[in-house]
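The numbering of the sequence shown is this note's numbering, which starts it at 1 and goes up by one.
No lab work stands behind these hints: they were computed from the structure. All values derive from a computational prediction rather than experimental measurement. Quick reminder that beta carbons are idealized off the backbone N, C-alpha and C, glycines included. Among the clues, some could well be false.
Beta-carbon label-pair distances, calculated as ranges [what the hints assert, rightly or not]:
id	residue 1	residue 2	range
1	43	1	28 to 34 Å
2	55	90	19 to 25 Å
3	11	80	21 to 27 Å
4	87	5	38 to 44 Å
5	91	7	47 to 53 Å
6	88	40	16 to 22 Å
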Amino acid sequence: MTAPLPEFPAGFLWGVSASAFQIEGSLTADGRGPSSWDAFTGEEGRVKDGSRADVATDHYRRYREDVALMAELGVSAYRFSVSWSRVLPEG
1 MTAPLPEFPA
11 GFLWGVSASA
21 FQIEGSLTAD
31 GRGPSSWDAF
41 TGEEGRVKDG
51 SRADVATDHY
61 RRYREDVALM
71 AELGVSAYRF
81 SVSWSRVLPE
91 G
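Could you build the full structure based on these sequences and the hints that come with them?
Right under this line is the structure:
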């Protein structure tokens with residue numbers, strides 16, 4: 001038996017969020033500098049399966065499609081982050 005779904009008040013905003021390293025990809029595009037996470041994941045054995053964020057979900061290049069999908073899903077709020085190494089490429 002499953003519990004009934006809770007009711008949300010009128011005007012409730014459904015939102016999503018993600019971190020730059022999880023979704024951004026395009027690590028060297030448009031002058032982005034290296035980040036501490038790039039260095040960390042580049043060291044063998046740091047991540048169990050060897051995953052890196054070189055491509056991730058390529059949100060950097062596909063953000064228009066991604067935002068359209070969020071709108072289609074009825075998402076009302078989106079919190080995204082931009083890699084600091086893109087804002088300050090020299091650190």
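To see whether the hints hold, each was checked on the structure:
no.	hint	verdict
1	43 <-> 1: 28 to 34 Å	violated, 48 Å
2	55 <-> 90: 19 to 25 Å	holds, 24 Å
3	11 <-> 80: 21 to 27 Å	holds, 23 Å
4	87 <-> 5: 38 to 44 Å	holds, 40 Å
5	91 <-> 7: 47 to 53 Å	holds, 48 Å
6	88 <-> 40: 16 to 22 Å	holds, 18 Å
The structure shown violates just one earlier hint, number 1.
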